[in-house]
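Here the protein sequences line up with chains A and B, keeping their order. If you read the first sequence in the numbering used here, its first letter stands for residue 1, the second for the next number, and so on. If you read the second sequence in the numbering used here, its first letter stands for residue 1, the second for the next number, and so on.
Some hints here could point you the wrong way.
To be verified - No farther apart than 20 Å at their CA atoms in a straight line, the calculated lysine to aspartate or glutamate pairs in the EDC-like style are these:
no., chain 1, residue 1, chain 2, residue 2
1, A, 170, A, 199
2, A, 161, B, 52
3, B, 189, B, 52
4, B, 29, A, 154
5, B, 95, A, 154
6, B, 148, B, 167
To be verified - Okay, the calculated beta carbon distance ranges per label pair:
no., chain 1, residue 1, chain 2, residue 2, range
7, A, 103, B, 148, 47 to 55 Å
8, B, 141, A, 135, 38 to 46 Å
9, A, 79, B, 96, 23 to 31 Å
10, A, 146, B, 166, 44 to 52 Å
These are calculated hints, taken from the structure and not from any lab test. C-beta atoms are modelled at their ideal positions from N, C-alpha and C, and glycine is treated no differently.
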Amino acid sequence: MYQTRNLIKLCCLLLITAFAVGCDGPTTSGNNSVTINPNAPVNQPTEKDLQPGLDKSPMDMSYYPVDYSKLKMTGSITEPPVARVIYSRPQKNNRTIFGDLIKYGQVWRLGANEATEIEFFRDVDITGKKVAKGRYVIYCIPQENKWTLILNTDLYTWGLKIDSTKDVYKFSIPVSKTRFPYELFTMEFEKANKGMQLDMEWDSVKASLPITW
Amino acid sequence: MKQLVVLFLAVSIISTTLEAQFKAPALDKSPMDMSYFPANFPILKIQNKATEPLMCRVCYSRPQKNGRNVFGDLIEYGKVWRLGANEATEIELYKDVKINNDRLKKGRYTMYAIPFQDKWTLIFNKETDIWGAFQYDEKKDVLRTDVKLEKQTDPIEAFTLVFDKTDAGANMIMAWDDVKATLPITFIK
Numbered sequence: 001m002y003q004t005r006n007l008i009k010l011c012c013l014l015l016i017t018a019f020a021v022g023c024d025g026p027t028t029s030g031n032n033s034v035t036i037n038p039n040a041p042v043n044q045p046t047e048k049d050l051q052p053g054l055d056k057s058p059m060d061m062s063y064y065p066v067d068y069s070k071l072k073m074t075g076s077i078t079e080p081p082v083a084r085v086i087y088s089r090p091q092k093n094n095r096t097i098f099g100d101l102i103k104y105g106q107v108w109r110l111g112a113n114e115a116t117e118i119e120f121f122r123d124v125d126i127t128g129k130k131v132a133k134g135r136y137v138i139y140c141i142p143q144e145n146k147w148t149l150i151l152n153t154d155l156y157t158w159g160l161k162i163d164s165t166k167d168v169y170k171f172s173i174p175v176s177k178t179r180f181p182y183e184l185f186t187m188e189f190e191k192a193n194k195g196m197q198l199d200m201e202w203d204s205v206k207a208s209l210p211i212t213w
Numbered sequence: 001m002k003q004l005v006v007l008f009l010a011v012s013i014i015s016t017t018l019e020a021q022f023k024a025p026a027l028d029k030s031p032m033d034m035s036y037f038p039a040n041f042p043i044l045k046i047q048n049k050a051t052e053p054l055m056c057r058v059c060y061s062r063p064q065k066n067g068r069n070v071f072g073d074l075i076e077y078g079k080v081w082r083l084g085a086n087e088a089t090e091i092e093l094y095k096d097v098k099i100n101n102d103r104l105k106k107g108r109y110t111m112y113a114i115p116f117q118d119k120w121t122l123i124f125n126k127e128t129d130i131w132g133a134f135q136y137d138e139k140k141d142v143l144r145t146d147v148k149l150e151k152q153t154d155p156i157e158a159f160t161l162v163f164d165k166t167d168a169g170a171n172m173i174m175a176w177d178d179v180k181a182t183l184p185i186t187f188i189k
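Here chain B stands alone, though its shape is the one from the complex (with noise of 0.2 Å):
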């Protein structure tokens, strides 16, 4: 009886453990986050630093490197990555921009990249809110461009993509493992 009145208080435990946690969604392997040009707007913005308007924003998750080989081997050069993880990487504009002299409209967008071992060809696709790059349809592309990568001596653990401010504008820089690529970006006044 002893023996049948641990079980069914153990079980009982276990499951509504099970449940409770069931509920509470985890924290997420490859976490969001959020970049923005002019870089760290939303505290420059509360400081009152802030020297000129929001000009664009990237939301994209952080997949990390984990001891892996990521550029050629994780990720296969020629194939469309979706240039982060989970929920496919979003960049908005609040500026007409300039890449490359193609224009691009202000307006919300997903980015997607397809590596090479010497270049990355960049895409803006029109087709938003969705999860990764398996459904990427390249009619739905506003813009391509090739962008030319560097090496990084140190490599970098977890996906960045932060903006740096040019005299034109600014670049766009994503980096992960021992790969850098910089997009540079004008904006239209």
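Pulled out of the complex, with its shape left as it was, chain A reads as follows (with noise of 0.2 Å):
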């Protein structure tokens, strides 16, 4: 009975550290599989063609206020957001992500799909500088010990094809190693002692953009 119980919790302990190195295990380095072609043709859709699949990286949004939309309809909350982001969340899919798939020194566009979007609803400060209210299009040039982040006003774009002309603000920020890989590209806003930081996430590497107001 005992060596029953002993073997049933020794596979349980191979199955989950078999799955935990699975997770770091080899890569490939693979194309992105979420790249278009910018040359490609583009088809007005039709209405015969109603049934557009879903995102391989399918879009999300973070507020800050964390979760406004939900405090705001139990009516716990009636100021306006301070801020939002609205990106994609490729998947790492056993890839290295940095360094590998994204180039150190290259223009990622901090998502996939549409170019990633920060609104700030107020003038605000990020690392010493003053940012004034509006909508900006948010990249990223990754090192391996920084991120460079930078705010461009060429909107509603394809994240493959940044306008470097229109680049308004840039910001240096450390990064750090995360427990684990994240599978899915984050981005959040999280409460600081002094206003909020903007965090993102992707495989082992965590970097965060302090704000204040």
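Using the hints, put the two chains back together into the complex; each one sits in its own frame.
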């Protein structure tokens, strides 16, 4: 009886270990599956073509205050939100992300598909720089030890083509290691001691952009 | 002793795994999507093929049919529906528009629908950044209009909202299960 229990425990442990190792395991440097060819023809949707599939890297939205839209629904908040980010969430899929799929020193759209959009509903202060309220494209140039985050005014564009002549703010922030790999690229605001921070995580990398007002 | 060590290891691995999962929000069941008029505007833009400026965009979430009968069953007739899932569906107009002879100023609005068997009442409301239709406030409506429906022969799995060019402007086409609703929009130059 005891031996059987032991065996079950051991099997569980092995399974868990295998799973944990698998997440970190051998990586393939495949192509970014969410990439589109910017020169491919675009068809206008026709009435016959009403079944566009769900996106491989689905879009998501984060507000500050955290869960703002739910707080507003429950009536526990009446003041306007501070910020909102709309981004798409690519998946790790066993690939090494930083330094491999996403090259160091090159522009990364901080998501997938459409360029990632951040909106400030009031003036804010980011790493000591005043940022005027409004809507911006936000993108990233990752390095091994730091990320450069850039706000750009060329809105409503696809993330593969950034017009850097419309950059308006640049911030440099350190990166840290996460304890476990993040399968999905994640952007979320979090309350900080002073103001808030925009947390960005993917694979084993985390970066936080401090925002005050 | 060995048992204890194994158990301790198992528990610590499970708890740290749970912690990691807790920190990373999962993909939404009804993922968010965006539709533009002109359709596919961001892609047209980077290909230098956009011949007119962006007129409007909708940010909505896409629930799936999953074998359910949607209208009259999952979504009851005569009740306000959020025209999607999760956050209330948002439309942003970059130009003033005309909808059924009513004028609507450019800006950001929340959209709802009241589905009936033979028509939908579409609602534009100025309470933005809110979740669902649970606190829908009629006093904040800016426009209501009825649209006709068509039957779809092939049921549509994921709720879909797209724009299609017309001579006068655009049709906003909303389709799910076997129902297709069309809202004609005219842009005021």
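Do the hints match the structure? See the list:
As the CA atoms of residue 170 of chain A and residue 199 of chain A are separated by approximately 17 Å, the hinted pair is consistent with the 20 Å bound. Between residue 161 of chain A and residue 52 of chain B, the direct Cα distance comes to roughly 19 Å. Compliance with the 20 Å bound is thereby established for this hinted pair. For the hint linking residue 189 of chain B to residue 52 of chain B, the alpha-carbon distance of about 12 Å falls within 20 Å, and the restraint holds. The hinted pair formed by residue 29 of chain B and residue 154 of chain A fails the criterion: a straight-line CA distance of about 31 Å is larger than 20 Å.
Taking the CA atoms of residue 95 of chain B and residue 154 of chain A, the gap is about 18 Å. The hint holds against a cut of 20 Å. At roughly 19 Å between alpha-carbon atoms, residue 148 of chain B and residue 167 of chain B fall within 20 Å of each other, so this suggested pair holds. A C-beta distance of roughly 52 Å is found between residue 103 of chain A and residue 148 of chain B, which places it inside the suggested range of 47 to 55 Å. Between residue 141 of chain B and residue 135 of chain A, the C-beta spacing of about 25 Å breaks the proposed range 38 to 46 Å.
At about 29 Å, the beta-carbon gap between residue 79 of chain A and residue 96 of chain B stays in the expected band of 23 to 31 Å. Checked against the given bound of 44 to 52 Å, the beta carbons of residue 146 of chain A and residue 166 of chain B, roughly 50 Å apart, stay inside it.
Hints 4 and 8, counting from the list given before, are not met by this structure.
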